[in-house]
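Protein chains: 2
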Amino acid sequence: MAIGEFSLIDKYFSAFDKGEDIILGIGDDCALTTIAKNHCLAITTDTLNEGVHFFKHLNPYLLGYKSLVVNLSDLAAMGAKAAYFTLSLNMPQSDENFLQEFARGLYDCAHNNCNIKLIGGNTSQGHLSISISAYGMVKNNCALLRSNAKVGDYIVVTGDIGLPGLYVDAGYGYKHITQDDFNAIEHQVQCKENRCALMYELATNNLSCCAIDISDGLIGDLSHICDSSNVSAVLDVNKLPFDAMLDKFSLTFKEKVDYCLYGGCDYEVLFTCKAEDYDRVLATAFCHSTKLSVIGKVVSKQDQKIVCKLNDEIYQQDKQAFEHFYN
Amino acid sequence: MAIGEFSLIDKYFSAFDKGEDIILGIGDDCALTTIAKNHCLAITTDTLNEGVHFFKHLNPYLLGYKSLVVNLSDLAAMGAKAAYFTLSLNMPQSDENFLQEFARGLYDCAHNNCNIKLIGGNTSQGHLSISISAYGMVKNNCALLRSNAKVGDYIVVTGDIGLPGLYVDAGYGYKHITQDDFNAIEHQVQCKENRCALMYELATNNLSCCAIDISDGLIGDLSHICDSSNVSAVLDVNKLPFDAMLDKFSLTFKEKVDYCLYGGCDYEVLFTCKAEDYDRVLATAFCHSTKLSVIGKVVSKQDQKIVCKLNDEIYQQDKQAFEHFYN
Numbered sequence: 008m009a010i011g012e013f014s015l016i017d018k019y020f021s022a023f024d025k026g027e028d029i030i031l032g033i034g035d036d037c038a039l040t041t042i043a044k045n046h047c048l049a050i051t052t053d054t055l056n057e058g059v060h061f062f063k064h065l066n067p068y069l070l071g072y073k074s075l076v077v078n079l080s081d082l083a084a085m086g087a088k089a090a091y092f093t094l095s096l097n098m099p100q101s102d103e104n105f106l107q108e109f110a111r112g113l114y115d116c117a118h119n120n121c122n123i124k125l126i127g128g129n130t131s132q133g134h135l136s137i138s139i140s141a142y143g144m145v146k147n148n149c150a151l152l153r154s155n156a157k158v159g160d161y162i163v164v165t166g167d168i169g170l171p172g173l174y175v176d177a178g179y180g181y182k183h184i185t186q187d188d189f190n191a192i193e194h195q196v197q198c199k200e201n202r203c204a205l206m207y208e209l210a211t212n213n214l215s216c217c218a219i220d221i222s223d224g225l226i227g228d229l230s231h232i233c234d235s236s237n238v239s240a241v242l243d244v245n246k247l248p249f250d251a252m253l254d255k256f257s258l259t260f261k262e263k264v265d266y267c268l269y270g271g272c273d274y275e276v277l278f279t280c281k282a283e284d285y286d287r288v289l290a291t292a293f294c295h296s297t298k299l300s301v302i303g304k305v306v307s308k309q310d311q312k313i314v315c316k317l318n319d320e321i322y323q324q325d326k327q328a329f330e331h332f333y334n
Numbered sequence: 008m009a010i011g012e013f014s015l016i017d018k019y020f021s022a023f024d025k026g027e028d029i030i031l032g033i034g035d036d037c038a039l040t041t042i043a044k045n046h047c048l049a050i051t052t053d054t055l056n057e058g059v060h061f062f063k064h065l066n067p068y069l070l071g072y073k074s075l076v077v078n079l080s081d082l083a084a085m086g087a088k089a090a091y092f093t094l095s096l097n098m099p100q101s102d103e104n105f106l107q108e109f110a111r112g113l114y115d116c117a118h119n120n121c122n123i124k125l126i127g128g129n130t131s132q133g134h135l136s137i138s139i140s141a142y143g144m145v146k147n148n149c150a151l152l153r154s155n156a157k158v159g160d161y162i163v164v165t166g167d168i169g170l171p172g173l174y175v176d177a178g179y180g181y182k183h184i185t186q187d188d189f190n191a192i193e194h195q196v197q198c199k200e201n202r203c204a205l206m207y208e209l210a211t212n213n214l215s216c217c218a219i220d221i222s223d224g225l226i227g228d229l230s231h232i233c234d235s236s237n238v239s240a241v242l243d244v245n246k247l248p249f250d251a252m253l254d255k256f257s258l259t260f261k262e263k264v265d266y267c268l269y270g271g272c273d274y275e276v277l278f279t280c281k282a283e284d285y286d287r288v289l290a291t292a293f294c295h296s297t298k299l300s301v302i303g304k305v306v307s308k309q310d311q312k313i314v315c316k317l318n319d320e321i322y323q324q325d326k327q328a329f330e331h332f333y334n
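These protein sequence lines are chains F and Y, in that order.
Heads up, the first sequence is in the working numbering, so the first residue is 8 and it goes up one at a time.
Heads up, the second sequence is in the working numbering, so the first residue is 8 and it goes up one at a time.
Chain F with its partners taken away, still in its complex shape:
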């Protein structure tokens, strides 16, 4: 993290000022930080590569926004209050317009519903790639672990899901929509609100003790919880919180379900809670203006890890959809 290589981006990130728990930010060999009292530090790192994690020519504002979103959703899924982050940015050449817009997107994300501070990083010449490490504070013994789901727990999801699945399909040309529609979806998909404050409060008040973020698709992510907790899950596909924008595109019910279950990149949080706590969970979410949906229940371990139901009948999962999104 030498000064020289970072001066380029520091210029565009001066809007990020110091915060509590930060002793020293940008400008020396390392940043120096502390951890809030009675907390431990949650650390996550994610990399986005052009053509793999985002489409070529993605608007740099949206790219800046999304780069932080993917890390904030990991912090939220751990029950962490967002604190600070570092940025490593590879770009083919120094492009002031790109940097300015990228920084604006990053800044807006960092100040939307949290107040996370940039403490260091570097810029290098290379193929467009963004690597962010983000840090949050978790109250001692309150981390939301994948291994903490208990039989009988409700399975809850924040916000709406499914739209990123359609976006990716449209971007690859599998689904034909107008450019205007694509642009509108793109903005909504990349500029996701983070759930850190809500999940920190739920964790700290012991209203949840198990969560994961929905990045690889609901089924894939839920199966990590099932594996780690040694349980199975029953989902009611009728309860999936379809993003309202999906209704614009004359999709079948099955298509909407597939986008929700296998699409991925939703960056919402999937968590479990005791049935008797759900009223308090809902009240907490209300204070954070966050919609919640109970989409299923944790059950004891069965042969099939996740059973999907529709009106109490088995809903056949679409293996083809699964493979389509996972390849």
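It is worth saying that the hints were derived from the structure and are not from the lab.
We treat Cβ as the ideally placed atom computed from N, Cα and C, and that holds for glycine.
Treat the hints with care, as some may be off.
Below, simulated PhoX-like cross-link-like pairs (lysine-lysine); rule was C-alpha separation at most 20 Å, straight line [to be verified]:
# : chain 1 : residue 1 : chain 2 : residue 2
1 : F       : Lys-157   : F       : Lys-44
2 : Y       : Lys-157   : Y       : Lys-281
3 : F       : Lys-44    : Y       : Lys-44
4 : Y       : Lys-182   : Y       : Lys-255
5 : F       : Lys-63    : F       : Lys-146
6 : F       : Lys-146   : F       : Lys-44
7 : F       : Lys-146   : Y       : Lys-182
8 : F       : Lys-44    : Y       : Lys-146
9 : F       : Lys-261   : F       : Lys-182
Some but not every residue of chain F turned toward chain Y, in silico, with C-beta under 8 Å [what the hints assert, rightly or not]:
#  : residue
10 : Ala-49
11 : Val-59
12 : Ser-95
13 : Gly-127
14 : Asn-129
15 : Gln-132
16 : Val-241
17 : Asp-243
Given the structure of chain F, go ahead and fit chain Y onto it with the hints provided.
Leaving out everything else, chain Y in the frame of chain F:
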């Protein structure tokens, strides 16, 4: 930091076990850590891109080793004891041989003279690029800041320098050496020993309070100290600790000096200490089997930031060399 994408590398990194200050390592949305009592956390992040920070087809063992070296030298330059790190690895395709050798190099570096633990990360498809964030513990109020140099301080450098300059020159074909010589140099240049334990001890005992790692070339890095501390420096080029391997190549004195002053990538530590503390500094370095060289003195601010001398005469700095390495 999803399980799925990291399982590939996790397989090769299982040799990295848990350590103190690590509550939770690889396998959930975030790692969870603490900070040692009476310490703060030093955080650094560095990215290495193929063709920019290392030559194409660099042996993956050496690449793994170097990837951590560049971060450890930042921790050392802050006076930090190495604690844990995360890894983001982009590679064009999953290559088991590459991963195995890369992991072996990383593992050897992590256990050579320190005991730093891998706590998480991700692997992605992309152009070969390695981004590591590394974490260390700095005793409260003992950080080695660039802004702490004082007039009269000795300027000291650890180990030997200059060889990476020759290595880069030879790699680009500016300097012709045999392939065997190139290979021998390459190994020595990439597998640098880290100075974390020594610098942590010097910092903790208040024997130094200012340091920087030599990554951009001694002159460039020293000038950061001069700028931050509002001082100038006088260097004695006769005191530069030329790497003994440089003698194999019939270099002129001027060439050797240029490699030391402008070559960069030495990953040694440049630090200052009070003249009256130097005997204790030297004794501490002896316990860590580390060579030290006093190469100059901090002086009050002058028109010329850094004056180089040879036998008390002004030694003319070679602007061409400066531009050669910096472009």
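- Close enough to count: is the Cβ of F:Gln-132 nearer than 8 Å to one in chain Y? This interface hint holds because 5 Å falls under the 8 Å limit.
- Query: F:Lys-63 and F:Lys-146: Cα distance at most 20 Å?
  - Reply: violated (39 Å)
- Message: Hint check: F:Lys-44 vs Y:Lys-44, CA-CA at most 20 Å. Holds or violated?
- Response: holds (12 Å)
- Item | F:Lys-157 paired with F:Lys-44 [C-alpha distance capped at 20 Å] | violated (29 Å)
- Query: Is the straight-line distance between the alpha-carbon of F:Lys-146 and that of F:Lys-44 20 Å or less?
  - Reply: The given pair, whose Cα atoms are some 9 Å apart, holds under the 20 Å limit.
- Query: Do the alpha carbons of Y:Lys-182 and Y:Lys-255 lie within 20 Å of each other, as the hint requires?
  - Reply: With a Cα-Cα distance of about 13 Å, the restraint between Y:Lys-182 and Y:Lys-255 holds, given a limit of 20 Å.
- Sort out whether F:Lys-182 lies within 20 Å of F:Lys-261, counting only the CA atoms. Holds: F:Lys-261 and F:Lys-182 sit about 15 Å apart, inside 20 Å.
- Message: So if I understand the rule, the pair passes when the alpha-carbon distance is 20 Å or less; does Y:Lys-157 with Y:Lys-281 pass?
- Response: holds (8 Å)
- Task: For the hint on F:Val-59, just tell me whether its beta-carbon gets within less than 8 Å of chain Y.
- Result: holds (5 Å)
- Message: Quick check on the hint: F:Ser-95 CB to chain Y CB, less than 8 Å?
- Response: For F:Ser-95, the interface hint holds, since the closest Cβ of chain Y sits about 4 Å away, which is under 8 Å.
- Identify whether the interface hint at F:Asp-243 stands, where standing means a beta carbon of chain Y within less than 8 Å of its own. This hint is violated: F:Asp-243 lies away from chain Y, its Cβ roughly 25 Å from the closest one there, beyond 8 Å.
- Task: Measure nothing beyond the straight line between the CA atoms of F:Lys-44 and Y:Lys-146; if it is 20 Å or shorter, mark the hint as holding.
- Result: holds (17 Å)
Consistency with the previously given hints fails for numbers 1, 5, 7, 16 and 17, ordered from lowest to highest.
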